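S.K.: This is what each chain is made of:
2 protein chains.
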Amino acid sequence: MALLHPSSFLRVGLAQMHCQANRLQNLLAAKKLILEASERGVHVLCLPELFLSEYFCQKEDHAYFELAEPIPGPTTDELSSLAQEHQLVLIASLFEKRAHGLYHNTAAILDADGTYLGKYRKMHIPDDPLFYEKFYFTPGDLGFRSWKTKAGQLGVLICWDQWYPEAARLTALHGAEVLFYPTAIGWHPSEKKEVGKQQKEAWQLAQRAHALANGVYVVSVNRFGHEAPAGGEGLEFWGSSFVAAPDGSLLMEAPENQEGLFLADLDLSLIEKQRTHWPFLRDRRIDAYTGIEQRYLDVEETSFPSCRK
Amino acid sequence: MALLHPSSFLRVGLAQMHCQANRLQNLLAAKKLILEASERGVHVLCLPELFLSEYFCQKEDHAYFELAEPIPGPTTDELSSLAQEHQLVLIASLFEKRAHGLYHNTAAILDADGTYLGKYRKMHIPDDPLFYEKFYFTPGDLGFRSWKTKAGQLGVLICWDQWYPEAARLTALHGAEVLFYPTAIGWHPSEKKEVGKQQKEAWQLAQRAHALANGVYVVSVNRFGHEAPAGGEGLEFWGSSFVAAPDGSLLMEAPENQEGLFLADLDLSLIEKQRTHWPFLRDRRIDAYTGIEQRYLDVEETSFPSCRK
Numbered sequence: 001m002a003l004l005h006p007s008s009f010l011r012v013g014l015a016q017m018h019c020q021a022n023r024l025q026n027l028l029a030a031k032k033l034i035l036e037a038s039e040r041g042v043h044v045l046c047l048p049e050l051f052l053s054e055y056f057c058q059k060e061d062h063a064y065f066e067l068a069e070p071i072p073g074p075t076t077d078e079l080s081s082l083a084q085e086h087q088l089v090l091i092a093s094l095f096e097k098r099a100h101g102l103y104h105n106t107a108a109i110l111d112a113d114g115t116y117l118g119k120y121r122k123m124h125i126p127d128d129p130l131f132y133e134k135f136y137f138t139p140g141d142l143g144f145r146s147w148k149t150k151a152g153q154l155g156v157l158i159c160w161d162q163w164y165p166e167a168a169r170l171t172a173l174h175g176a177e178v179l180f181y182p183t184a185i186g187w188h189p190s191e192k193k194e195v196g197k198q199q200k201e202a203w204q205l206a207q208r209a210h211a212l213a214n215g216v217y218v219v220s221v222n223r224f225g226h227e228a229p230a231g232g233e234g235l236e237f238w239g240s241s242f243v244a245a246p247d248g249s250l251l252m253e254a255p256e257n258q259e260g261l262f263l264a265d266l267d268l269s270l271i272e273k274q275r276t277h278w279p280f281l282r283d284r285r286i287d288a289y290t291g292i293e294q295r296y297l298d299v300e301e302t303s304f305p306s307c308r309k
Numbered sequence: 001m002a003l004l005h006p007s008s009f010l011r012v013g014l015a016q017m018h019c020q021a022n023r024l025q026n027l028l029a030a031k032k033l034i035l036e037a038s039e040r041g042v043h044v045l046c047l048p049e050l051f052l053s054e055y056f057c058q059k060e061d062h063a064y065f066e067l068a069e070p071i072p073g074p075t076t077d078e079l080s081s082l083a084q085e086h087q088l089v090l091i092a093s094l095f096e097k098r099a100h101g102l103y104h105n106t107a108a109i110l111d112a113d114g115t116y117l118g119k120y121r122k123m124h125i126p127d128d129p130l131f132y133e134k135f136y137f138t139p140g141d142l143g144f145r146s147w148k149t150k151a152g153q154l155g156v157l158i159c160w161d162q163w164y165p166e167a168a169r170l171t172a173l174h175g176a177e178v179l180f181y182p183t184a185i186g187w188h189p190s191e192k193k194e195v196g197k198q199q200k201e202a203w204q205l206a207q208r209a210h211a212l213a214n215g216v217y218v219v220s221v222n223r224f225g226h227e228a229p230a231g232g233e234g235l236e237f238w239g240s241s242f243v244a245a246p247d248g249s250l251l252m253e254a255p256e257n258q259e260g261l262f263l264a265d266l267d268l269s270l271i272e273k274q275r276t277h278w279p280f281l282r283d284r285r286i287d288a289y290t291g292i293e294q295r296y297l298d299v300e301e302t303s304f305p306s307c308r309k
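Chains as they are written, first to last, in the numbering used here: chain A, 1 to 309; chain B, 1 to 309.
It should be emphasised that the hints constitute simulated quantities derived from the structure, not laboratory data. Just so you know, these numbers come straight off a predicted model, no measurement behind them. One should not assume that every hint holds.
[What the hints assert, rightly or not] If you only want the chain A side, here are some residues facing chain B, beta carbon under 8 Å, derived:
1) Ile125
2) Leu173
3) His174
4) Leu205
5) Gly248
Idealized CB from N, CA, C, for every residue including glycine.
Turn these sequences into a full structure, and let the hints steer you where they fit.
M.R.: Here it is, written out as C-alpha cells:
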C-alpha cells in the first residue's frame, strides 16, 4: 500500500456479511469485523443493510416487525461503545421502530468517540417481487444530509437510494466527501443466468456515476449468500461490495461470495483535483432545474418560465 | 439484424465526422451521410456538435464569431429540404447567432417532413484549457424539453450537458424516449497516455447512467481526429460514438478513428419493460428534492423543512 499523506488519507472498511436468521450470531460477526477493522487501521467501518437479520422483506409477515428497535437504542448503545473502544466511525443499518405501527429502514452514524451523531432514514423505498419493503418501511422524513465525523464529512444513503442521482447530488451538496450505501441486493436465482451480469453491472454503473457526477467517493457495502426465509427460491445476494473514486473509476471490488472485511484507502485530495479538472459543480444550471420536483412533465411547454429571465 | 415490430422500432444514425476548417467540405460530408442514412433506413440522424467547422473553441478569437448563423436560417433551410427529401429526422448542432454579441451553442430539430420543430440551446457551457466555450456561447435560456417527431419523442442535449444528471432527468420527464448528445470531446495529446482511457470511460459511464436512471436510450455522437486550429498540440477527438440501452448497457460503439455512419436499432418497447422492472420513476421523492436548485448546501441543517411534513 502506498504511503499517503495523513491529512488526506481515509481508510474505509467494507463489512461484507452473510447474514443469518439469528440476531446474536450477526451481532457477533459484526463485532468480529469491528475488531479486525480496528487492528487494520480502519477509520470508518460500514456494515451492510439490515445486517442483524436475514433479508426478511422477501415476505410480508407482521411477525417481522418484532425485529425492529428504537434508534438510538440498545443496539446503537452497544455499537457506540465499540466505536469508542476501537476509535472508528461506524455506519450501522438497522430496522427502526419509531412508534407503534411506524417503522423505518435506518442507518445510525456513530462517531469514533462513541457519540451517536444521528441517523439517516432511507428515503426511496423499493417494492418488487421478494423486495417488499413498502410493507415494512415508511419512507424517510429526514431528507438528505451529511455528518461531520472524526473521519471527515460523510454521507449515508441506503440501497434503493443508489438508483437516484438526486439523492447522491443532495448529499454531496451537503458537503459529503464519501457516500456510503449499506445495501442488500441480489438475484432471483431463476433470473441470474439471463440477466444477472447486466443487473450487477447496472448496480455498479449507477453508483460509479454518482461518484463521477459529484466528485466524491462512493462506498457500497452489500451482503452476500443465498437466503430463503420465506421459502421458495429466495434471493442470492451478490456481495461485490466496492469503492468508486471521484473520477468514477472502480477503486476496489470484493468478490461475490466471500465474507470478510475489505479495505480501501481513499486519498481525499483527489476530490479537489477531480472537481477542478472536471468542474461540474461550477456549471450547474441552478436557475433551470425547476421541474425536478415534479413527478412527470406532461404538460406541453415551450420553455421553463424560470429560464426566460 | 433482427426483425423488430415496426411500432416500437427506431433506427438511429450516428454521423461520426472528422470535421475540417472548410464549412462547405463539412456540409458536403454531412449530405453524403444523410444520403447514406436514407438508403439504410435510418429514422433519425444525429450530426456531431458544431459539425460545420473545426472545434474553434480551442482559442478565444473574435474572428470565429463570423462562423455563426441564425437558427432557423440558411443552413437549417437546406437541411430541412434534405430531411424532407429523405424522410428522416435530423438533429443538427450549429453555432447560433441570436443577435449582435449574443451567441449560443444550439441544436436544431428538423422533422422527417422538413418541418423545423425548434431548437435546443446548450445549457451547461464548459470552460477548460482548449475548450473555451464560455467565451463564445451564452448559456441556453430555453431549458430542457423534448420534441414530438415523426420518429418518436426525442430529447436533445449537447456535450457538456452529458455530465449533469439533472439535464437528462428533466429531458426524460418531458417525455423523451431517446436522448441525443451531439458532442465534441477529445484528449489533450500530452495527457492521453496517462489519463486518456479513464477520461473516455468516464464520459461513457456518465451517459450510460443517464440511460439507466431514466429508462431511456442515449445516443452520443462525437467527432474524431486531431485538430489544432489554434496551433499548439491541439486536441485529439476520440470518436467512439455510442448508444446506451435503457438498462444502461452499451448497445453499440463506433471506433475511435473512423469516419462514417453508424447505426443502431432501438427497440422502444424495452423502455416500458425496463421502467416497470426497475421502477425508479415510481419512487422518486419529489417532496424531498428541495436544494437541487441551490449551488451548495453549506448551511447547517438537521433536515429539510419540506421533508418534515
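S.K.: Report holds or violated for the interface hint on Leu205 of chain A, using the least CB-CB distance to chain B and a cut-off of 8 Å.
M.R.: holds, 5 Å
S.K.: Does the nearest C-beta of chain B fall within a distance shorter than 8 Å of the C-beta of Leu173 of chain A?
M.R.: Holds - the Cβ of Leu173 of chain A comes within 8 Å of chain B, reaching about 4 Å at its closest.
S.K.: Have a go at the Ile125 of chain A hint: is there a Cβ in chain B nearer than 8 Å to its own Cβ?
M.R.: Given a least distance of 7 Å, the restraint on Ile125 of chain A holds.
S.K.: Restraint: His174 of chain A near chain B, CB-CB cut 8 Å. Satisfied or not?
M.R.: Status holds, d = 5 Å.
S.K.: Take the shortest C-beta to C-beta distance between Gly248 of chain A and chain B; is it under 8 Å?
M.R.: holds, 5 Å
Comparing the model with each numbered hint stated earlier shows that all of them hold.
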